[in-house]
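Participant: Chain residues, written in single-letter form:
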Amino acid sequence: MNLDYFQLIDRIVEFNLEARTIVVEAQVPQAHTIFEGHFPGFPIMPGVLLTEAMAQSSGWLLLGVTRFERMPFLAMVKEAKMRGFVSPGQLLTIEAKVEHEGSGFAVTSAKARVGTELKCSADLTFRQIPFPDPSLRVHMDAMASKIGFPLQAMTP
Amino acid sequence: MSSTFDQIATIIAETCDIPRDTITPESHAIDDLGIDSLDFLDIAFAIDKAFGIKMPLEKWTQEVNDGKATTEQYFVLKNLAARIDELVAAKSAGA
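Residue numbers (the numbering used here), protein chains in the order written: chain A, 361 to 516; chain B, 31 to 125.
No lab work stands behind these hints: they were computed from the structure.
It should be emphasised that the depicted structure is a prediction, and the values quoted were computed from it without experimental measurement.
It is possible that some hints are incorrect.
Reference excerpt, derived from the structure (chain B facing chain A, CB under 10 Å, subset only) [unchecked claim]: (1) F35; (2) D61; (3) G64; (4) I65; (5) D72; (6) K79; (7) F81; (8) M85; (9) T91; (10) V94; (11) N95; (12) D96; (13) K98; (14) A99; (15) K121.
The following residues of chain B were derived to be distant from chain A, with all beta-carbon distances above 12 Å [as the list claims (entries may be wrong)]: (16) D36; (17) Q37; (18) A43; (19) R50; (20) T52; (21) E56; (22) D62; (23) S67; (24) L68; (25) D69; (26) K89; (27) T101; (28) E102; (29) A111; (30) G124.
So the derived list for chain A, only partly shown, Cβ under 10 Å to chain B, looks like this [stated by the list, open to error]: (31) K438; (32) M442; (33) K457; (34) H499; (35) D501.
Glycine residues also receive a C-beta, built at the ideal position from the N, C-alpha and C atoms.
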């Protein structure tokens, strides 16, 4: 997790194009200024960042489903539930599933766990549009390589 | 079984918190009911699921932007219901 750059996903564990599912890992840093304020004496990951981690997991899933032809942008968060505290140094395992593929939008459901314990879940809606700038596509390709996105899994 | 219009009206009422009795077949989703693009995503999701279709929103939007269609053709609810019936029929024919 690189919180300063808002890159919350470290590694793609599994991507299943047919099932429209993804599993990723996100290592919460042991120390960060965020934890100094949230909260003094009781550092925990903010719910908005957990929601963002679920959104980024879903985003990688949708990028794979559209074969990197469309960039997903978060549009709606529903049923976001923070079910337990996530502490510095914990490893999040996040699963996301495509619930619906619409015309120019998609809906996913996502869950994050530490070990077997469910920590949060949400239903997320994304707008999907062609990459608005070529440099963004280049960046996403580089990030895909960095986090181990299995590009070969998208080959028909 | 309720009509396509009735089903759409119920979806819109529940999704956008609009009183059901103010939604008529002549209502324009955008101009009369004030539904914005984000709420319409929610409505499209509910309609797609309810009717087992994929409304071609991008195609419709493109047609409107290109001047090949008017918003009334797709967003006046009686017309939207007709488009949905066509999509359902096309899906049944192709199944």
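Participant: Taking the hints in turn, state whether each one holds.
Facilitator: So, going through the hints one by one against the coordinates:
1. F35: Violated, because the Cβ-Cβ distance from F35 (chain B) to chain A comes to roughly 21 Å (cut-off 10 Å).
2. D61: Check failed: Cβ of D61 (chain B) comes no nearer than 21 Å to chain A, outside 10 Å.
3. G64: violated (18 Å)
4. I65: violated (14 Å)
5. D72: holds (7 Å)
6. K79: holds (7 Å)
7. F81: violated (12 Å)
8. M85: With a closest approach of 6 Å, the M85 (chain B) hint holds.
9. T91: holds (8 Å)
10. V94: This interface hint is violated because 14 Å lies over the 10 Å limit.
11. N95: Cβ of N95 (chain B) sits 13 Å from chain A, so the hint is violated.
12. D96: For D96 (chain B), the interface hint is violated, since the closest Cβ of chain A sits about 16 Å away, which is over 10 Å.
13. K98: Violated, about 17 Å.
14. A99: violated (15 Å)
15. K121: This hint is violated: K121 (chain B) lies away from chain A, its Cβ roughly 14 Å from the closest one there, beyond 10 Å.
16. D36: holds (22 Å)
17. Q37: About 17 Å separates Q37 (chain B) from the closest Cβ of chain A, which puts it past 12 Å; holds.
18. A43: holds (18 Å)
19. R50: Given that every Cβ of chain A is farther than 12 Å from that of R50 (chain B), nearest at about 22 Å, it holds.
20. T52: holds (24 Å)
21. E56: Check passes; 25 Å lies beyond 12 Å.
22. D62: holds (23 Å)
23. S67: violated (9 Å)
24. L68: Violated, because the least Cβ-Cβ distance between L68 (chain B) and chain A comes to about 6 Å, which does not exceed 12 Å.
25. D69: Given a closest Cβ separation of 10 Å, the condition is violated.
26. K89: Contrary to the label, K89 (chain B) does not stay out of reach of chain A, its closest Cβ about 7 Å off (not over 12 Å).
27. T101: With a cut-off of 12 Å, T101 (chain B) remains clear of chain A, as the shortest Cβ separation is near 16 Å.
28. E102: Answer for E102 (chain B): holds, closest chain A Cβ roughly 20 Å.
29. A111: holds (18 Å)
30. G124: holds (17 Å)
31. K438: The hint holds - K438 (chain A) has a Cβ within 10 Å of chain B, the shortest such distance being about 9 Å.
32. M442: Violated: closest Cβ of chain B sits about 23 Å from M442 (chain A), beyond 10 Å.
33. K457: violated (15 Å)
34. H499: Since chain B brings no Cβ nearer than about 25 Å to H499 (chain A), farther than 10 Å, the hint is violated.
35. D501: D501 (chain A) check fails; min Cβ-Cβ to chain B is 24 Å, beyond 10 Å.
Consistency note: the structure conflicts with the earlier hints numbered 1, 2, 3, 4, 7, 10, 11, 12, 13, 14, 15, 23, 24, 25, 26, 32, 33, 34, 35.
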